[in-house]
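Protein sequence lines, in the order shown, are assigned to chains A and B. Number 211 in this note's numbering belongs to position 211 of the first sequence; there are no gaps in the numbering. Number 194 in this note's numbering belongs to position 194 of the second sequence; there are no gaps in the numbering.
Hints were generated in silico from the structure; no laboratory data involved. A couple of the hints might just be wrong.
In this list, chains with the same sequence are indistinguishable; a pair is considered to hold if it fits within one copy or across any two.
[As the list claims (entries may be wrong)] Simulated crosslink set (DSSO-like; lysine-lysine; CA at most 30 angstroms straight-line): (1) Lys234 - Lys4; (2) Lys332 - Lys234; (3) Lys23 - Lys318; (4) Lys27 - Lys344; (5) Lys84 - Lys234; (6) Lys103 - Lys230; (7) Lys3 - Lys234; (8) Lys318 - Lys103.
Letter by letter, the chains look like this.
There are 2 protein chains.
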Amino acid sequence: MPKKIFFTPGPSALYFTVEEHLKKALKEQVLEVNHRSAQAEGYFKEASDNLKQLMNLPEGYHVFFLSSATEIWERLIQNCIIEKSFHLCYGAFSNRFYDFAIKHGVAAEKAEAPFGSIPADYEIPQDTELISMALNETSAGVTFPAEDIYKIRESHPEALIAIDGVSAFPAIDLDFSKVDSAYFSVQKCFGLPAGLGVWIVNDRCLEKANRKLAAGHSIGAYQALPNLVKNAKKHQPTYTFNVLNVYLLARVTADMLEKGIDVIRRETNYKGLLLQHTIATHPQLSHFVEDSRLRSKTVVVARTEGPSEAWIEALSSKGFVVGNGYGPHKGKQIRIASFPTHSKEQIELLADIITGITL
Amino acid sequence: MPKKIFFTPGPSALYFTVEEHLKKALKEQVLEVNHRSAQAEGYFKEASDNLKQLMNLPEGYHVFFLSSATEIWERLIQNCIIEKSFHLCYGAFSNRFYDFAIKHGVAAEKAEAPFGSIPADYEIPQDTELISMALNETSAGVTFPAEDIYKIRESHPEALIAIDGVSAFPAIDLDFSKVDSAYFSVQKCFGLPAGLGVWIVNDRCLEKANRKLAAGHSIGAYQALPNLVKNAKKHQPTYTFNVLNVYLLARVTADMLEKGIDVIRRETNYKGLLLQHTIATHPQLSHFVEDSRLRSKTVVVARTEGPSEAWIEALSSKGFVVGNGYGPHKGKQIRIASFPTHSKEQIELLADIITGITL
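With the rest of the complex left out, here is chain A (with noise of 0.2 angstroms):
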């Protein structure tokens, strides 16, 4: 059977290289060597590099190598908050991030708008420790645009911003300076495989950590954002973490540098304009985000006339797999990746295919 290729928006398709990246890995026995041995400290530092290149990270920011987003919200929490957090919610995963909040014991506030949308007149406390938002809301294919963090930035400046950059990073912009945390798995944009995630923190995460350890609070142990720095400068892990991915990590960085991240950017613009125009114009299909200028060029959404399993069908026979809706939206809508490894000429392809379908 031929492959299918994989536009589901997260796990999604490998990275083109890393099929190869993972036969020369068993090759040069990396699947077996100690998580600190000189090697895994190698691909440790050429990941943590490539990605700081990659995303241009100011001075100061440090790269943690943990099991997925899903545990860093609760890093966060645990090293960050002390008592009040604020979130932007407008998807699962946004609201998510908020329930754990609630779970973990922390006084919670939230600005909510449905899928589809972003919160609009909400006041943010000015004594709130941590602000909390998706880049990319990968449930709804919703955009927070990079100007709206900025001014919350401005007029809030005490308090910590945390991004949620799931299946926006590498492939969007952000201005590192204007937050204090960022964090994304690798199953998205960078293409590889599922269990592992990627925690950015500055020095005031670092420092409120700190503040809150000696205010009597416990901050965990081996995730303990102390414990994290200082074997981050030494390029180790704080457990047993996924030597594997972490070398794929480095390699596909590699690769994406060798490209440039302009290229990947600009390809991104592209093929996300192509695929919103797709939709648009099929008599059958609709936006799902109303305003534009939310609209996601990395998770593109479209309502379906009819129910969408009929879509994810005709295009898996044709060897395209895409996404349904997420939760409530499921059978209603299909969800689209356009990652850096799908090409243009699989977004063109893919884009054909669906201009031509009549359910």
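Following the hints, position chain B against chain A.
Chain B only, in chain A's frame:
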């Protein structure tokens, strides 16, 4: 360069079938499927069912897939301890679990023995909530005899008993009906790449978590036991887990079931005794663990006359990678893993080579 054979006590040599399974996984696009798809549910179910059979788990024991054994220490604290725990400490890992409990604000107590022995003459308070010990202390090559665990069970029927089986399962037998929880990571005896921890709990652990929650304490969010149990019943993870490793675990446990757990355990005994004999008879090596009853069959530790690096180098030049002493014992010991992937022939060859070395 010919491949080296890793006898390091984890990460260690891959199980000898892993490379083929990994190539098949690439072909079948296992690395791209959604972690909530029917396919991934199939891997979850098969890995869980196989483990239950291989380790002879009684009814009412649940199997969860987390990121590491390190994470599982935190989840045990979060879910199963309100105030008090008791830790039998005799190496780096058993001590680390105690340290974690302290950092999380638990009034933890411990009975400690130096590396190479186990605690004697201790009293476990009757009101402790959880008692922990390592069936095999990877850092010291010390086995805690299963019969001693069963005696503690009898004298402390109310407490939960949690077993670190990281470098023991499934090679070392344990009667799970006499413990409440056990955990391991897959890069030791299961011969998989690092990046997955397996947590086993019975319903008493779940009841404890529910009581802790009802008493107004936080038990965390996505890794709270009620959530883990709810998802595991649907064969679903609580986060985007390492799908590839769960797939490989399903395959390797199927291979082990076909080989037969009795054969694996008989071979473990033979290989362990052969390595122990090799150490005892070499003029420049001696047993680190004095009491033969406590000597591990899966992680065999030898004191070296001179610096252990000379031994490691001499063996490595012949293609055999063994471990150094752990922490304070670095440079003074070699640690040799004898896991299910290491064949009798490989261990016999290693024993011959060690016997032939004079430094």
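*Which numbered hints does this structure break?*
As far as the earlier hints go, 5 and 8 are violated by this structure, in ascending order.
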